[in-house]
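Participant: Below are the chains, spelled out letter by letter.
2 protein chains.
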Amino acid sequence: MQKVAKKNAFYAQSGGVTAVINATACGVIETARQHRDKIGKVYAGHNGIIGALTEELIDTSKESTKTIAALRHTPSGAFGSCRYKLKSLEENRAEYERLIEVFKAHNIGYFFYNGGGDSADTCLKVSQLSQTMGYPISAIHVPKTVDNDLPFTDNCPGFGSVAKYVAVSTKEAAMDVASMCETSTKVFILEVMGRHAGWIAAASALAQEQVGDAPHIILFPEIAFDKQKFLKRVKQTVNKYGYCVVVASEGAQYKDGTFIADAGSKDAFGHTQLGGVAPTLATMVKQELGYKYHWAVADYLQRAGRHIASATDVEQAYAVGQKAVEYALQGKNAVMPAIVRKPGKRYRWTIEEAPLDKIANVEKMMPRNYISRDGFHITDAGREYLQPLIQGEDYPPYKNGVPQYAKLKKVMVDKKLKKSFKV
Amino acid sequence: MQKVAKKNAFYAQSGGVTAVINATACGVIETARQHRDKIGKVYAGHNGIIGALTEELIDTSKESTKTIAALRHTPSGAFGSCRYKLKSLEENRAEYERLIEVFKAHNIGYFFYNGGGDSADTCLKVSQLSQTMGYPISAIHVPKTVDNDLPFTDNCPGFGSVAKYVAVSTKEAAMDVASMCETSTKVFILEVMGRHAGWIAAASALAQEQVGDAPHIILFPEIAFDKQKFLKRVKQTVNKYGYCVVVASEGAQYKDGTFIADAGSKDAFGHTQLGGVAPTLATMVKQELGYKYHWAVADYLQRAGRHIASATDVEQAYAVGQKAVEYALQGKNAVMPAIVRKPGKRYRWTIEEAPLDKIANVEKMMPRNYISRDGFHITDAGREYLQPLIQGEDYPPYKNGVPQYAKLKKVMVDKKLKKSFKV
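Chains as they are written, first to last, in my numbering: chain A, -13 to 409; chain B, -13 to 409.
Worth flagging that the hints you see were computed from the coordinates, not collected in a lab. Some hints here could point you the wrong way.
If chains are identical, the list can't say which one is meant, so a pair holds when it fits in one copy or spans any two.
Listed next, the in silico PhoX-like pairs over lysine-lysine satisfying Cα-Cα at most 25 angstroms (straight line) [said to hold, decoys possible]:
no.	residue 1	residue 2
1	Lys215	Lys241
2	Lys385	Lys395
3	Lys71	Lys278
4	Lys278	Lys73
5	Lys241	Lys71
6	Lys396	Lys71
7	Lys226	Lys393
8	Lys328	Lys385
9	Lys396	Lys226
10	Lys(-7)	Lys402
11	Lys48	Lys395
12	Lys73	Lys90
13	Lys71	Lys405
14	Lys90	Lys241
15	Lys24	Lys52
16	Lys408	Lys278
17	Lys395	Lys226
18	Lys408	Lys226
19	Lys71	Lys272
20	Lys331	Lys385
Given the sequences, and given the hints that come with them, work out the whole structure.
Facilitator: As structure tokens, then:
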């Protein structure tokens, strides 16, 4: 009887990276290593799916146990990620066929795609086309996105850590403002990520422990920005508490869909304000209310901030990676390990499979009942949902005062295909 | 024989607050409490020196041992700080006389003023005038400033923590950029504090572990900005490493002294309010080189970031507070506890007294030999100086996923003077 060669696995990171996507990679690789009888090597795409298209595969078997373990506490995409959305099957079937060819050439039978909604779609198509092409691949989508917009899953790995970063930063910066507001800054504006959904901005509310604590105003993309209403609330807040802390989603917009950031406002001296919701709002506050302001734009700092990651998030990120491999070994296909919140007062969760065809290209928005009626804050329901996700600290090791993150050797697998592929 | 009533102490926080100024307050109050035979109560100025002028004194004896201990891990100014510079003695002698009156009314014999260069000057004058007025006060200046610009002391409490925040943030954000630069952001710009001196920007260099690591370019206020030279370096870096991380001081300026970005407004001291170097540079890079960019402005997040404080900084902040009280008890006057670096390879330090008349209004600049010849980075000498200051982590306790910082009762002392004072 001929022995069937065991299949290798392919893992790729997709889209914007997070503080914990490597914890998922760690979960995938460590679990695969526990099943050497069934899974050969784990190849990682160099720069995500582009690595598969160009046959640039990183041989993770060349990395030590210690290095792979260190991925758990390492932010960013250790193998490289990319913003590269495969076109539809109709538009560019060649891309999908190329993927299957590369997988076939390297004896890859498992495809783990770690990303958001777009990659769920790609993952599904790879699964489908591989069947059509007679080289069936077990394709498992592994959730990741700071945007927290995937359906089925309670939350998306990566979100809890950016949420914690934003809550902690809001709390600390607000204390700074509060301690000096009598003679200095009265209004502080923190701009956070969130182009379509206000999940990240909402998380800043977790900084608030009692009435009057910051943040005082949260601006969500979901709620049309009303300049006069906003300014009135800023003024009321300064009158009441002496200062006002605003947290604004980058995607905050006017009723007509114009982003606040694109409104093209000018400062007091007629200079055009350079990008950013925060500086635009700050200028507005200065011009209309005359308050001294400061603003911050956290940008990549928030999603890369592994030093202040949520332990819950790290655990879940690892668990979805681990579960993805277990699903593959169970012969599952076109599914995603989803985090499921168990009923009860204490936050408990488990991982369950969700069908990819119901996930691909579906965006989960923030429920309206998580946002307060006046549109400037979250409700108790919103807080109840968010609170558990930032629980626990999971500090990386330090050396010379800075975190020690995994450094990979990134040994490339020899190419086997004659044709190169241009992306 | 009549018993001489023991004197009370007055403590005030001045100017921009830091992640560790409350650790100094903790050092002052805990040490004073150990000497109840000699020091009565410690009163803290509500909102800094303004509290002394308006007779708004917080009775710290009403705070529990636990609350005072928690100040050690609490950022911002727990008693309130202010940007209020006393005028010169000639211009406004009444202000100094008022201070002495208030001190006399509340039997205050010790004045601990926790701030930067301006407050060292105030502290010295209070000491001098109190003698003239026949109510001698033992005035001790306690160093604090993220600007790291006080003379005599090896470094200024507050700086080490902002330095650590910036080094860690630069490292993390750079990893994010590196992992996606093939298809996404190529240039990332982080704007940090530093109006006159590039100490904070310099600290970002500690993120670098090997050649090629970020930051690739540091812009110091000390080095005239040359647009063409900067753009050339950005391009070279992107060509060589695939991406480029720039850390820019808010005070970075052209040869003629024009700030790269100038927000227009001025603060209470007449300093131009800065902010916006990062977006200005980003626009420049986009226009001239066409690279996709991202930028972040850390603003208050960096100096309030107690969650990532340097343990060395916390220890030193506490030690200068402790030593200030010891100096006062030894009858010293018009001095400042300064951190002194001991010779040797391993970083060891001690606290020694420095005379206030040599400190007041003297600004310590970054030595030119700490900046590389090309002006875009630091030298080994710079690294050797900076490295020990960010050593060690000192995490605050957490509850519900966010740090638990001290909450004071702030019980006010009954006013004794009939005249009120307008600041």
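Participant: Sort out which numbered hints this structure fails and list those numbers smallest first.
Facilitator: 5 and 14
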